[in-house]
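Each protein sequence line maps, in turn, to chains R and F.
Numbering of the first sequence is given in my numbering, commencing with residue 264 and proceeding in unit increments.
Numbering of the second sequence is given in my numbering, commencing with residue 264 and proceeding in unit increments.
No lab work stands behind these hints, which were simulated from the structure alone.
Errors might be hidden in some of the hints.
Because identical chains cannot be distinguished in the list, a pair is counted as satisfied if it fits within a single copy or across any two copies.
[Said to hold, decoys possible] No farther apart than 30 Å at their CA atoms in a straight line, the calculated lysine-lysine pairs in the BS3-like style are these: (1) Lys546 <-> Lys329; (2) Lys315 <-> Lys486; (3) Lys331 <-> Lys393; (4) Lys436 <-> Lys459.
Only a predicted model underlies this, so the values are computations on that prediction, with no experimental measurement involved.
There are 2 protein chains.
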Amino acid sequence: MRGNGSFLRNPRIPFIGVGTASLLLISVDPYLRSTITGRDGDLYLPRPPLNKAITGFGIGRVVRSKNKNFNEGDIVINPFSPVAEYSIVPADFLRKIDPTTDIALPNYLSCLGVPGFTAWVAIEVLGNPKPGSNVFISAAAGGVGMFAGQLAKLKGCRVVGSTGSNDKVQLIKDEFGYDEGFNYHEESDFDVALAKYFPDGIDLYLDNVGGKLLDDVLNHVNKGAHIVISGMISQYNTIPAEREGVKNLMNMVGKDVKMQGFLCGSYLNQFGEFAQQMEKYIKEEKIKPKHKINQGIESFFESFVSLFSSSNLGKVIVQVAT
Amino acid sequence: MRGNGSFLRNPRIPFIGVGTASLLLISVDPYLRSTITGRDGDLYLPRPPLNKAITGFGIGRVVRSKNKNFNEGDIVINPFSPVAEYSIVPADFLRKIDPTTDIALPNYLSCLGVPGFTAWVAIEVLGNPKPGSNVFISAAAGGVGMFAGQLAKLKGCRVVGSTGSNDKVQLIKDEFGYDEGFNYHEESDFDVALAKYFPDGIDLYLDNVGGKLLDDVLNHVNKGAHIVISGMISQYNTIPAEREGVKNLMNMVGKDVKMQGFLCGSYLNQFGEFAQQMEKYIKEEKIKPKHKINQGIESFFESFVSLFSSSNLGKVIVQVAT
Numbered sequence: 264m265r266g267n268g269s270f271l272r273n274p275r276i277p278f279i280g281v282g283t284a285s286l287l288l289i290s291v292d293p294y295l296r297s298t299i300t301g302r303d304g305d306l307y308l309p310r311p312p313l314n315k316a317i318t319g320f321g322i323g324r325v326v327r328s329k330n331k332n333f334n335e336g337d338i339v340i341n342p343f344s345p346v347a348e349y350s351i352v353p354a355d356f357l358r359k360i361d362p363t364t365d366i367a368l369p370n371y372l373s374c375l376g377v378p379g380f381t382a383w384v385a386i387e388v389l390g391n392p393k394p395g396s397n398v399f400i401s402a403a404a405g406g407v408g409m410f411a412g413q414l415a416k417l418k419g420c421r422v423v424g425s426t427g428s429n430d431k432v433q434l435i436k437d438e439f440g441y442d443e444g445f446n447y448h449e450e451s452d453f454d455v456a457l458a459k460y461f462p463d464g465i466d467l468y469l470d471n472v473g474g475k476l477l478d479d480v481l482n483h484v485n486k487g488a489h490i491v492i493s494g495m496i497s498q499y500n501t502i503p504a505e506r507e508g509v510k511n512l513m514n515m516v517g518k519d520v521k522m523q524g525f526l527c528g529s530y531l532n533q534f535g536e537f538a539q540q541m542e543k544y545i546k547e548e549k550i551k552p553k554h555k556i557n558q559g560i561e562s563f564f565e566s567f568v569s570l571f572s573s574s575n576l577g578k579v580i581v582q583v584a585t
Numbered sequence: 264m265r266g267n268g269s270f271l272r273n274p275r276i277p278f279i280g281v282g283t284a285s286l287l288l289i290s291v292d293p294y295l296r297s298t299i300t301g302r303d304g305d306l307y308l309p310r311p312p313l314n315k316a317i318t319g320f321g322i323g324r325v326v327r328s329k330n331k332n333f334n335e336g337d338i339v340i341n342p343f344s345p346v347a348e349y350s351i352v353p354a355d356f357l358r359k360i361d362p363t364t365d366i367a368l369p370n371y372l373s374c375l376g377v378p379g380f381t382a383w384v385a386i387e388v389l390g391n392p393k394p395g396s397n398v399f400i401s402a403a404a405g406g407v408g409m410f411a412g413q414l415a416k417l418k419g420c421r422v423v424g425s426t427g428s429n430d431k432v433q434l435i436k437d438e439f440g441y442d443e444g445f446n447y448h449e450e451s452d453f454d455v456a457l458a459k460y461f462p463d464g465i466d467l468y469l470d471n472v473g474g475k476l477l478d479d480v481l482n483h484v485n486k487g488a489h490i491v492i493s494g495m496i497s498q499y500n501t502i503p504a505e506r507e508g509v510k511n512l513m514n515m516v517g518k519d520v521k522m523q524g525f526l527c528g529s530y531l532n533q534f535g536e537f538a539q540q541m542e543k544y545i546k547e548e549k550i551k552p553k554h555k556i557n558q559g560i561e562s563f564f565e566s567f568v569s570l571f572s573s574s575n576l577g578k579v580i581v582q583v584a585t
């Protein structure tokens, strides 16, 4: 366990609840990009205040506690963990991890965390594809895509993913069970690629990237298709005025298409059901996670940037302490 | 009754069923534009074959019949009426109008026809806004918009419409009960207009126009808003590559927005329920139609063009005979 406890001495962090926690693992997620744009809008998540650490989904160990529900040594999940080695955190959002669990801790930030829950809401709650449906998933090797694809396979669908490197294409086919995959840098005429991989059209598209790919998908949707949008990573580094406009929306009329954006936070009342189903899948090895764990809090920034360059392989997590 | 019966002698029209009908009234609808583009796509409606009359929703009188369910003099609705004074038509899609009805015939092409049914599906089936919801309707004085606004008012919503002339703004407020309306030619900064007319944001948008207005609406939607798309008249005269791209789709994620395109033909199993409810509203004068009836089959083309120039006032119908 490292760190000098500097956040303990920061008077701007209010002391509300549980006491001090040492950060063990923190999730590195694309949505953070949209919170640090310096403007409102897009994902409508609160902007981190200036001069405070940004927060993410983290796992920590309680060092001291003034809350009777938590004791020194407890391992806790905090959706609003400051990216800091130590921090004083309120008890409100903490969830204890059962110390007898045989599930490895990083899973609580991937399949059992935000990406897994997002994938579950997209596939189980919103998309809910029938067996045999043609499902397309972009950013298919990313935190959300990897679990969404596996969940869709468990529902008996034919699943194709797009991703940013040949290694990732191999990964989604070999480890996550995707039927097909393509590298969007190499097969960059999406219209041709989609015609090739979806000769029978697309019934469900889980959009994680937005922009041109979404536009082209709209030319390959089947009657009654469903497009579920969990994010648009290709657009996070642009201001709205410079974004790629989507021109094929009229197909939504002729094909009776439903398109639905969502934040997984709006479905928290179903988190318990999700966790139960996902833990079962993990124990049965029906869902396999893949983690890219970078070491040390100083790797956070580099880890974050890797989300936007196709250079990561698996869900990116920073290990701050053990 | 006029006409030289030339279609009777056209050997390319197969003789399947009922016999000859004289066309009395024919509906002039924007969707026809997308069927005559010379390419597949968009609304995915069948293209009319070359050298045959295009068809529309029409009302005719049976002149001769070889089908035992229809007799000379019957007044029938045919969703696939050739734009021709006389035609030989199959019985499959014909529906008889009760001769004892006190509902004026043009209503069967407006509130009880395609536009009314489209409005009903949009508001009653898909949008289903709660009382007090903020509802925005574009092309608000058009065939669909005029009934959609009235249906939303009957559900207790606050309804604002955009339309293409000051006369139409007056019409939707005075005759259709819209709370507010604006002329998009005059208030052409839609962002400013929407902020003015929707200080509390938009809960339901019935999109009949697409393009820039849809893009700007996405900046004014509330959490959980619903966008129902019945058509995109602003885009019908352009090819997809030249269309206005919609750039603000990412707001759908942050605001949990659902967007849904539809063709009313996909909801025909609910037509009976619709007709029953709408006839009741008409008899109670809770729904008021407004018709622009042009005379003579030769006015069909001009009537059609008027749909795209904001020059029509009310549902456009051509009266071919009485």
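Hints, one by one, checked against the model:
no.: 1; hint: Lys546 <-> Lys329; in the structure: neither (35 Å within a copy, 70 Å between copies)
no.: 2; hint: Lys315 <-> Lys486; in the structure: between (49 Å within a copy, 28 Å between copies)
no.: 3; hint: Lys331 <-> Lys393; in the structure: neither (47 Å within a copy, 44 Å between copies)
no.: 4; hint: Lys436 <-> Lys459; in the structure: within (17 Å within a copy, 51 Å between copies)
Consistency note: the structure conflicts with the earlier hints numbered 1 and 3.
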